[in-house]
Structure formats: C-alpha cells, structure tokens
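Chemist: Sequence:
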Amino acid sequence: MTGRIPITDVSPTVDNGAYPAKAAVGETFTVAATVFREGHDAVNANVVLTSPTGQTRRMLMVPLGQGTDDWQVEVVLAEPGPWTFAIEGWSDPYGTWRHSAEIKVPAGIDVDLVFAEGAAFFDRAAAGVPPAVRADRATLSDAAQAVANPALPPEARLAAGTSPQVVAALSRYPVRELITSSASYPIWVDRKRALYGSWYEFFPRSEGARYDDAAGRWISGSFKTAAKRLDAVAAMGFDILYLPPIHPIGQSFRKGPNNTLDPKPGDPGSPWAIGSAEGGHDAIHPELGTFDDFDAFVARAREVGLEVAIDLALQASPDHPWVQEHPKWFSVRADGSIAYAENPPKKYQDIYPINFDNDPEGIYAEVLRVVKLWISHGVTVFRVDNPHTKPVNFWEWLLGEVRKTNPEVLFLSEAFTRRPMMRELAKVGFHQSYTYFTWRNEKWELEEYLQELTKETGHYLRPNFFVNTPDILTAYLQYGGPGAFKIRAAIAATSSPTWGVYAGFELFEHVALRPGSEEYLDTEKFQLRPRDWEAAEAEGRTLSPYITKLNDIRRRHPALQELRNLTIHNVEDDAISCWSKRTTGPDGHSDIVIVVVNTDPHAVRETMVHLDMAALGMRPEDTFTVYDEITGGTWRWGAQNYVKLDPNGEPAHILAVRRGQA
Numbered sequence: 001m002t003g004r005i006p007i008t009d010v011s012p013t014v015d016n017g018a019y020p021a022k023a024a025v026g027e028t029f030t031v032a033a034t035v036f037r038e039g040h041d042a043v044n045a046n047v048v049l050t051s052p053t054g055q056t057r058r059m060l061m062v063p064l065g066q067g068t069d070d071w072q073v074e075v076v077l078a079e080p081g082p083w084t085f086a087i088e089g090w091s092d093p094y095g096t097w098r099h100s101a102e103i104k105v106p107a108g109i110d111v112d113l114v115f116a117e118g119a120a121f122f123d124r125a126a127a128g129v130p131p132a133v134r135a136d137r138a139t140l141s142d143a144a145q146a147v148a149n150p151a152l153p154p155e156a157r158l159a160a161g162t163s164p165q166v167v168a169a170l171s172r173y174p175v176r177e178l179i180t181s182s183a184s185y186p187i188w189v190d191r192k193r194a195l196y197g198s199w200y201e202f203f204p205r206s207e208g209a210r211y212d213d214a215a216g217r218w219i220s221g222s223f224k225t226a227a228k229r230l231d232a233v234a235a236m237g238f239d240i241l242y243l244p245p246i247h248p249i250g251q252s253f254r255k256g257p258n259n260t261l262d263p264k265p266g267d268p269g270s271p272w273a274i275g276s277a278e279g280g281h282d283a284i285h286p287e288l289g290t291f292d293d294f295d296a297f298v299a300r301a302r303e304v305g306l307e308v309a310i311d312l313a314l315q316a317s318p319d320h321p322w323v324q325e326h327p328k329w330f331s332v333r334a335d336g337s338i339a340y341a342e343n344p345p346k347k348y349q350d351i352y353p354i355n356f357d358n359d360p361e362g363i364y365a366e367v368l369r370v371v372k373l374w375i376s377h378g379v380t381v382f383r384v385d386n387p388h389t390k391p392v393n394f395w396e397w398l399l400g401e402v403r404k405t406n407p408e409v410l411f412l413s414e415a416f417t418r419r420p421m422m423r424e425l426a427k428v429g430f431h432q433s434y435t436y437f438t439w440r441n442e443k444w445e446l447e448e449y450l451q452e453l454t455k456e457t458g459h460y461l462r463p464n465f466f467v468n469t470p471d472i473l474t475a476y477l478q479y480g481g482p483g484a485f486k487i488r489a490a491i492a493a494t495s496s497p498t499w500g501v502y503a504g505f506e507l508f509e510h511v512a513l514r515p516g517s518e519e520y521l522d523t524e525k526f527q528l529r530p531r532d533w534e535a536a537e538a539e540g541r542t543l544s545p546y547i548t549k550l551n552d553i554r555r556r557h558p559a560l561q562e563l564r565n566l567t568i569h570n571v572e573d574d575a576i577s578c579w580s581k582r583t584t585g586p587d588g589h590s591d592i593v594i595v596v597v598n599t600d601p602h603a604v605r606e607t608m609v610h611l612d613m614a615a616l617g618m619r620p621e622d623t624f625t626v627y628d629e630i631t632g633g634t635w636r637w638g639a640q641n642y643v644k645l646d647p648n649g650e651p652a653h654i655l656a657v658r659r660g661q662a
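Take the sequence shown: its position 121, counted from the start at 1, is 121 in the UniProt record's numbering, and no numbers get skipped.
Mixed in with the good hints, there may be bad ones.
[To be verified] Label pairs and their computed distance ranges (CB to CB):
1) L507 <-> R302: 20 to 28 Å
2) G362 <-> L507: 43 to 51 Å
3) N149 <-> F36: 20 to 28 Å
[To be verified] Below 25 Å or equal to it, Euclidean Cα-Cα: the simulated SDA-like pairs (lysine to any residue) are:
4) K228 <-> T469
5) K264 <-> V511
6) K372 <-> W397
7) K443 <-> R564
8) K525 <-> L507
9) K427 <-> G483
10) K228 <-> D522
11) K346 <-> L507
12) K372 <-> V332
Source of the hints: derived by calculation from the structure; they are not laboratory data.
Glycine included, C-beta positions come from ideal geometry on N, C-alpha and C.
With the sequences and hints as input, model every part of the structure.
Modeler: Structural data, given as structure tokens:
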C-alpha cells in the first residue's frame, strides 16, 4: 500500500529484500530511492540505518538534480554484521517556505505574510532543538527574529532565513511532517577482506618436490617445504594463499599425467579425487605432513601477513570412507555402479559426486563438521569447488550456520556456469565469486562486463578476477606473449578490488596440452610441478616485480579497494580501454586513479582519451597532474588526452590524480 509520501525504487536491495545486499567495513556505497508527493510543497528524504546492536542513525539524502524525485546518500558502515535500512520521506515545511520566499519576496508579492510564516516556522524549529544544543537553537531563534523584523530590508530578512548556518542547523534538526517509511531492507556488512584482497594459489606438494634418482620418480613436497615459499608470496603483496585440496587421494581410477588413464607407480593423482584408506575431507595427505605441520604452516603464513584458504570440494574418490560408511550419499546407475563425475566430453572416473537428495540431514551435518574442523585449525577462507553442482538451499544453510559462529570466515564460489546460478549463489551468501573475466579479453566485452559487475550486480556479487587457474589457460595467454600477461594482470588488479594468480603465471607459463585446449601441458592437477623460482629471478624471466608493484599500488590507493566506483571513459581506439576509480576518505580527500590499458598484446596503439570530468569530481575545463604509478612519469591532463601504449614495453598507465599540481 502506498504511504502518504510515496517511496519507490529503493536500492541497494536484492530481490526486493529477500536477501541482504552486501557491504564491507569502511566501504562507501550509495543508498537511493525515488521520493515525491502531490502538488508543489517540498519533500525531503533520509535513510534510517540500524546497526547489529539495534542502534539507529539518520542521514539526510540529497536530490540528484534540480526538480528530480531521485534521492541518494553515500553511506559507510564501520561495524560488521546484519544491518537494516529504511527510507523516510516527509513533507519539508522549510523547503516549501524557502521556495515561496525566494520567488515572492524579490517580486514584492505577499512579503509581510511570507515573513510572518517564516518567523513562525523558525520559532517552531528552534523549539525542536534540544536545549543542550545551544548553537543550533540560537541560530534558528536569531533567524526567527531577523525574518520578523520589519526594520530590516526584505533582502536582509530573506538572507537571514536562508543562510548557510540556518541550512546546517536544519540538516541536523530538520522539521519533518507527514513522515512515511519504506519497508526495512537488510544489508550484511563483512570484514574488509571479503571485498578487497589479492590471492595466490599454489600446490604445496609441488613446492619442495625433489627427484629421487634411486626411486626414479619425483617425491612430493610437504607443508614444511612449502612454507619456504611463503615469504616470496608475501613479498609480492598477496593477502590470501589458496591451497587446492590437501586431503588423501584415492587409488582407484587414479589419473596419470595430463589426465591419462594409465598412471605409473608414484604418480600422485588429482587432489580433487579426495579420500583413501588414510581418510577423507577431515584428513591430510600423509606426504604433506600432519595436522601439527599444517598448524605450523598456517602460523607461519600469518607471521608474514597471509591468510590461508583451502579448497572445499564436496565429492569423493571411490576409496573415500564415505563410500563405505554412507553409500546412499551417492547416485547408483542402472547397472549397480556408482555414477562418477562427467562434463562431456571430459570424464572423471576418479571422482564420485554426492547426491544431496539422499540423506540431506546426514550430509549437511557432516559437511558442517568438516568446515568447523578446518576453521579450528586456522582456516579463515574456503574456495568452494563447483558449488553450482550442489543444491543452492544447501549453501544457504551452510553459510548461514557458519556465519552464526564464525562470521569472519569467507567463502569463494568457483562456479563457471550460467548467470542465474552464479548470481543466486552470491545472493544466498557466498562472499566472492569467480567470474567470466578470464574470457573477456577484447575491449568491448571487457567494458561491457565491468559495467555488469560494478553497476548491475555490484551490491551482492563480489568478483574475484583470477588471471589464470589450473584449469584455465586462455588462448590470449597462450599466444599473446609476455605483454598479454602484463595486460591481464594490470586489468585484474585495477578493475576489481579482489584478484588472483595461480603459480606459474609470473613465469609466463603458456603452453597448452593441445591446440584449442585450455589445459596446461603437464598440468599440475595430475603431477608434481616444481619450479626453479631462484633461477627465474636471476635470469629476469619473471613478472613478479610487476605483480609486486600492482599490489603495492592497490594498497596505497583506497579507490582501487572498492567495486562500485568504476567509471568507463570514452577512448577512440577499439583496443584501448580507460576507466577511473574515485573514493573520498573520512578527511574529505578524494583518491582518484585513472587506468588506460592496451588490450591488444600484439601491437602498439595510440589514441585520444576523452574523460568524463564530472565522474572525477571536476569541471570540463579543469586540468590536473597525473603520476604514472608504473613508470614514475608525470603529465598535465584534462578532458582530452593523447596516449600511446606498447604491449612489449608498458601496456598500461595507472595514473594517480594530483589536483592543483603543475
């Protein structure tokens, strides 16, 4: 039912409040609504914010333009947990009087009556200010006296009733009539790492792996050897270290190198074929070490500033204890065999999917037990494998249960699937989501996708821009040369507040299993892949200095730590893209970063960049200094700017805006 003051188009909301919108501690986001009324009397609006502890505060909203019915306010929430907000629309007697006075007084129409009405309003407004707030009370009382004083010129009386001091006092203590409230809408506020961070993925079994001449095969690394790599990962500026599954691996139908069906003795198999006689999801592969070793690994990661994420892959090898203990958790085919995983033409004979419709109560309880076990060992982040192949209502339940006891724990959805499913998983509680980013390489499709992620779904789906994964080596990286690696890293690190790198990216690993395939040759999913990091560094065959610089830039620029503040600017060339990010801190200082990148890894491009100056908080005629965070160069920029970008040199400008500097 429509209220006395109609309120429509409230945002941010998800499915009209069925799910909470998302924010992070310290993140700036916009609350907006359309608020209007009949006739010509003024209307105003505010948002009512209710904290997890039940405390409320009101913030006045501002109209988007003269004569518009659209209102908004920028909000920053400092306390994590479940918040709500509602919009209040109300008749604004001051706005009505001021509009009338500014028309009638200069025209000499009903001057005495207008001022009499104004004096009565200011007396009423002053009475509504708490006595302890003497300054605002005095400001409004003085306005009442000045407006009512016939000895003053009309211009002075009008000025007294419209002074900045009066406006400020009424913004703190507005006079509100016909107050109407919208419904209350939920917002969940997470810790900042849910929004902003840099991920690095490596297989601990490859770190420190060594070749045993006597045995004639590679010997797995362990948590102890992998811990030696943590300093280098932290030095590159990463925040989260993600480990693929660390559990025992099944022997039945074990895969050999490059996903072959004829493993040799000692072939390690796929970590995603979870479970053997040594245990299942609540166990550690014996070659990696013990729980004490894992605890030491996590502790060492924390010492260097890294959180540890592990894989939550809800599936089982044929040797998993669940297969014997809970056979009804799996699907049985007509011939009596248990159905293995398939993604035609790919077959995963070493993996049994779980049927969540068989004994859901038992499955739900077991998964929660497993998750809490790893949380008790210091895991704060879970990368969830293929969540789109499990029921959405299961995830809503599981994430809700974890949030009750461990709201600091984050879940990343690895769902490369249809848009509705990806979006629904985000709605029901996943903190971050893999995206189609790896396949958005052309300028037009990249910009279109950035608009979708920042404007259309930015209030509930937080993207994690991994530049590569063990499963995804795009043709762009296979054939683009080192420039392609720089380009993709620069785009991911500056367009999304969260991005990720799978080990080997910094070494420009780009050889595919076969033409047309996105699988790496000698993929680490099925074999050990030790890398000589020291030799690569010594020979300069690494992108790690560039990655380190990108992560440093991200840490120094709050604008790059937010999602919804991205603006795409017009560029004449069909391969050069430009966007900016802008945010304002508590001190009122704006941090502005402009990114210009050549998406063509094969050719030098030059063009004109046309900036939307209003999006930068500037006038069309303004000029400003830009500092290139990559090269250290400075230029004087304005609305129109020339750029030239070489993929074999520096394919991207990352420009910090410095106002007022020559």
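Chemist: Hint by hint, note whether the structure agrees.
Modeler: Hints versus structure:
1. L507 <-> R302: 20 to 28 Å: Cβ of L507 to Cβ of R302: about 27 Å, so the range 20 to 28 Å holds.
2. G362 <-> L507: 43 to 51 Å: holds (45 Å)
3. N149 <-> F36: 20 to 28 Å: violated (36 Å)
4. K228 <-> T469: Within the cut-off at roughly 22 Å; holds.
5. K264 <-> V511: holds (24 Å)
6. K372 <-> W397: Judged against 25 Å, a Cα distance of about 14 Å means the pair holds.
7. K443 <-> R564: holds (20 Å)
8. K525 <-> L507: This hinted pair holds, its Cα atoms lying about 18 Å apart.
9. K427 <-> G483: Violated. K427 to G483 sits at ~36 Å, over the 25 Å cutoff.
10. K228 <-> D522: holds (24 Å)
11. K346 <-> L507: Outside the cut-off at roughly 28 Å; violated.
12. K372 <-> V332: Measuring from Cα to Cα gives roughly 30 Å; hence the hint is violated.
In this structure, the earlier hints numbered 3, 9, 11, 12 are contradicted, and the remaining ones agree with it.
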